[in-house]
Amino acid sequence: MNKHATIARQSEVGQEYEAFLFHEARLMDNHRLEEWLALWDRDCLYWVPCNAEEVDPNRQLSIIYDGYDQIRERVRRLSGKFAHAQQPKSRLIRVLSNIEIESADDGTITGHSTFVLGEVRLNRQVTWFGRNEHTLVRTEEGLRIRRKKVFVLNNDTPMPNMTFLI
Amino acid sequence: MNKPTSPAQLAVSRGLSIDDLVEQRRVHSAIYTDPEIFELEIERIFNRTWMYIGHESEVPRTGDFRLRKIGRQPVIMVRGKDGAVNVMMNRCLHRGAVVAEVESGNTKFFRCWYHGWTYDTSGKLVQVTADAGYEPGFCEKKGGLARPARVEDYRGFVFASLSDDVLPLREHLGQAADLMNYLIDFSPTGKITVNAGVNKTVYRGNWKLVGMDGYHVNYVHASVVEGWADDENSGIAAMHKNDPFSDEALTRTRDLGRGHVLLDFREHRMASIDKYVDFLRSIPGGPTYIDAMFAAYGEEQAKRNLSLAGDPHLGVFPNLQVLGNQIRIMNPVGPDETEVLMFPVLLDGVPDEINALRMRQHESFYGPSSSGSPDDAEIFERAQMGMNATVNPWIDMSRGLNREIVDVDGTRVGRISDETTQRGQMREWKRLMSMA
Numbered sequence: 001m002n003k004h005a006t007i008a009r010q011s012e013v014g015q016e017y018e019a020f021l022f023h024e025a026r027l028m029d030n031h032r033l034e035e036w037l038a039l040w041d042r043d044c045l046y047w048v049p050c051n052a053e054e055v056d057p058n059r060q061l062s063i064i065y066d067g068y069d070q071i072r073e074r075v076r077r078l079s080g081k082f083a084h085a086q087q088p089k090s091r092l093i094r095v096l097s098n099i100e101i102e103s104a105d106d107g108t109i110t111g112h113s114t115f116v117l118g119e120v121r122l123n124r125q126v127t128w129f130g131r132n133e134h135t136l137v138r139t140e141e142g143l144r145i146r147r148k149k150v151f152v153l154n155n156d157t158p159m160p161n162m163t164f165l166i
Numbered sequence: 167m168n169k170p171t172s173p174a175q176l177a178v179s180r181g182l183s184i185d186d187l188v189e190q191r192r193v194h195s196a197i198y199t200d201p202e203i204f205e206l207e208i209e210r211i212f213n214r215t216w217m218y219i220g221h222e223s224e225v226p227r228t229g230d231f232r233l234r235k236i237g238r239q240p241v242i243m244v245r246g247k248d249g250a251v252n253v254m255m256n257r258c259l260h261r262g263a264v265v266a267e268v269e270s271g272n273t274k275f276f277r278c279w280y281h282g283w284t285y286d287t288s289g290k291l292v293q294v295t296a297d298a299g300y301e302p303g304f305c306e307k308k309g310g311l312a313r314p315a316r317v318e319d320y321r322g323f324v325f326a327s328l329s330d331d332v333l334p335l336r337e338h339l340g341q342a343a344d345l346m347n348y349l350i351d352f353s354p355t356g357k358i359t360v361n362a363g364v365n366k367t368v369y370r371g372n373w374k375l376v377g378m379d380g381y382h383v384n385y386v387h388a389s390v391v392e393g394w395a396d397d398e399n400s401g402i403a404a405m406h407k408n409d410p411f412s413d414e415a416l417t418r419t420r421d422l423g424r425g426h427v428l429l430d431f432r433e434h435r436m437a438s439i440d441k442y443v444d445f446l447r448s449i450p451g452g453p454t455y456i457d458a459m460f461a462a463y464g465e466e467q468a469k470r471n472l473s474l475a476g477d478p479h480l481g482v483f484p485n486l487q488v489l490g491n492q493i494r495i496m497n498p499v500g501p502d503e504t505e506v507l508m509f510p511v512l513l514d515g516v517p518d519e520i521n522a523l524r525m526r527q528h529e530s531f532y533g534p535s536s537s538g539s540p541d542d543a544e545i546f547e548r549a550q551m552g553m554n555a556t557v558n559p560w561i562d563m564s565r566g567l568n569r570e571i572v573d574v575d576g577t578r579v580g581r582i583s584d585e586t587t588q589r590g591q592m593r594e595w596k597r598l599m600s601m602a
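For the record, the sequence lines run as chains C and X. Numbering-wise, the working numbering puts 41 at position 41 of the first sequence, and it's gapless, one number per residue. Every number in the working numbering is 166 more than the matching position in the second sequence, counting from 1.
Bound-form chain X, shown alone (with noise of 0.2 Å):
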């Protein structure tokens, strides 16, 4: 009867509904620190909408297999003998042990070595150990791995929903699935490659706290800034010259609608695209590259696509990111802890001197070691350590509401320290936490 007081608890007896917990100026810390908001979460947002599995490119052959997650779902993502990359929740029909252990490898079978069932390729149950044990027919009838409702991809990303009640994945992407556009055909080939290793980072706070933020640089990463000021035509500093992170700036944030979130440097970075194919051309393997985008495109639409240095810095509601030189994943673990997965992204069709720059590029800011993400994590868990300050339980998220404007395309567009990406996030949070 008397059991301990929790902070779900607490947040239950307060009688706070999830109308009381996002306001358009501000949301309630509970949000990012209740074990039982967060277990709604994993029920109504990661089980329920379009997420992010991998990237085709990642199992070429027939067998080839990588394990993901949904939520806290074990799945694997397989190429089939078909061809298609088949994705399949990672659990045995008798006993619920996951049929495959090893995070990536080819294989023409999985076998749950508990019992020994054997399923192949495509999930299928094709044998029982001692069947005489069993009727005839039960393999058939068994089926196969239980699947997720829907399967779908946009030009090789591929996204899986546990519930049947979402929108065709393009029509869920939207915008979203056009800012995509401007990684996959920073390529002259209009394709990318995913399987140059990965990242993987663990933070101690709320899957959240990633969010999609154009406010934070000149403080979170103020040790890096600091440096630009010591070689401006270098890397980094050179893309981002004329300080895109004034609100001064041509830059923009941008709430693309279903939670897709966007820091737009469009203009800003179109404004100086000669010099960026200039610089391009400096650096070993510019003038074939550059070459081929302009044969492959066209110059006007080459430069459009090289303008964001494949990098759109798009946040796709509730476990992607399309930034800087990668994919990323969002793991959620548990209201205090959060796994974010970097995958580096290579070009096809260009020479290896451009991937090498890009393997280079990632890792300066990316990664347990780097000048950049580790900062975002450090901030990360001091925001999650703090919010156990409950006195004044509000986090403020109105900046730039008094300037946000709605574009001719029906985005809302603030400057780019504005909060309207975490707006954007949260109207599409409350959105799906709403749905009983």
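Looking at chain C on its own, in the form it has when it is part of the complex (with noise of 0.2 Å):
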């Protein structure tokens, strides 16, 4: 390929990319778990680590580590009646910047994005902030998730309920 067909891959790539993180991001504020469900591949790991950026999931503590049958479980869970610290639910908004491409074939999409979120709920608004790393593959579905972190900027302090979807 020459340069400029190599920019215009990347570039359509870059937007593909960004449109299923938007369409992720839209499905987890209105609270659509099946639909969030269902970008996930069967082989995939949803992984929130705990008091630090880089931690051995073997050996220390996350948030969040899951793979597809916990993710079920939670959807499971977040959609019944019963879970209370989400009834109310969280009314949710999150706004998703600094998205770069770090990787990419044909298979295979790896990138970062950061967000900010502001989640009101009960009389009260609290501010996440994050960064995530996704990693998408293409099925004959479309893209799914691989592979998703999530840094949650203040994952080291007493934090409340963050049972949302993050």
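In short, the hints are calculated from the structure, not lab data. Be aware that a few hints might be false.
Unchecked claim - Label pairs and their in silico Cβ distance ranges: (1) X:548 to C:22: 54 to 60 Å; (2) X:279 to C:153: 55 to 61 Å; (3) X:384 to C:140: 42 to 48 Å.
Unchecked claim - Computed footprint of chain X on chain C; a stretch qualifies when at least three of its residues, placed anywhere within it, have a C-beta under 8 Å from a C-beta of chain X: (4) 69-76; (5) 89-102; (6) 148-161.
None of these values were measured; they are calculated from a predicted model. Think of the CB as a built atom: it goes at the ideal place given N, C-alpha and C, for glycine as much as any other residue.
Reconstruct the complex from the two isolated chains, following the hints.
Following this line, the structure appears as structure tokens:
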């Protein structure tokens, strides 16, 4: 490929990646749990580290370290009537920015993004900040999440309920 | 003269004494909401009784330190040059600034950067800057960082008391210490490591709401219980077969005295221990682990050690719980704010897969995005809100009084849903709060 074609291809991948992230953000903000679940590849990892951005998950605690079955269980639980910490549900708006592709080939795209998330629940507003790392894979159904890591900026401070989708 | 009327003044003006606030069947909600009572708790409970500080494995090397609190007072737990774990107040002798500002680390000295006074890891003041401004021998005379009156440990669990007027720790813990063994001896070497990080959570409610309650599970955790129906052989569901929270079960609530309380799963779990051992053998690393346990303790004792899965479900009054795969510290922030710190525990001498599984089990139910503890915190916040309604200010704690018995070992015992545990905590609360 010549240089111009490479740049065009990169920007196409970038747009595709960005559109996917925006779509995921909208599903999470609106608690569209089943649709969000459908974005995940069966072979996946959803990881929210605790206390630092880099930890060894086998020796160190995480906030979330879910494979597909655990994500499905999370969605089941949050979809029911008894997840009290989400009764009422948090109202959410997240703003994604600083989207960068780290690597891309025919099958896989990995990139980074940052977010600001406003949460309102029971007369209280909480502002969350974080950095995402998404690895997406191309499947017959379209892009799917293979790996998602979320560094929540205050993950070493006393945290209130963060049971909504992050 | 005409100060605004605060809830504290209302409590006083009503003439409520500590005796009036805690009865056998009920307690007054002012003990959860009243700022004046909260201040009294800090003074008479947190500043006077044995408080859990941390585990010695958190500071394995000389100079390793962690910052902790005794009630609201900042302390440093540090491994000194002599190998002992020191607990000292995190407050410079000069102008009172903290001498350690980051939560953990390794250091040779603690230096207060206000004016440069420097202390060693035993707390000794070793240098004041520009010392011509002080008489000779000033450092020696000043001594060092203040220390709690007593520091003792039980098998690596370090406790401190700001008051000298306490029983020896082992005696204070009583049967609670025997229960702590269920966590420690879940390791084939009898050693645990507490360095896997911490979930820090906060809720807008009183510290006593954390409690130890066998009655709430089917309601507060209904979303999780509902899921067990889907796969009764998986993880927690398998452990909770033959509903341990049914009053027909062999499970019990137990008041061990001095405010220490237990959800007692021992008999219940021993009834199906062989199945549980088979389950453990079926998981990655399981056969090696079981063999190591049997070799270390002999089959009979090993089965007892395994029965609780390292989870005694124990409350040690007032700030420690040993439950799930964690050690938990409750820090009172205000009458309506509490921090809960959850430290998952790693086992020594086991395959890595076992410890990795312990992390995953912990994360699924505990921490800010988990399926369990956020619902607890949510309900505590609802209780705190509701208690602002004071037309009838009483909290009912009478459940099981009609069937509570005193066991041969002197502990009070109720069915699993009985409020024997709450009454036990309240008895100690009242005892400590009544000592002027």
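Here is what the structure says about each hint:
no.: 1; hint: X:548 to C:22: 54 to 60 Å; in the structure: violated, 35 Å
no.: 2; hint: X:279 to C:153: 55 to 61 Å; in the structure: violated, 26 Å
no.: 3; hint: X:384 to C:140: 42 to 48 Å; in the structure: holds, 43 Å
no.: 4; hint: 69-76; in the structure: holds (count 4)
no.: 5; hint: 89-102; in the structure: violated (count 0)
no.: 6; hint: 148-161; in the structure: holds (count 6)
This entry does not satisfy hints 1, 2 and 5, going by the numbered hints stated previously.
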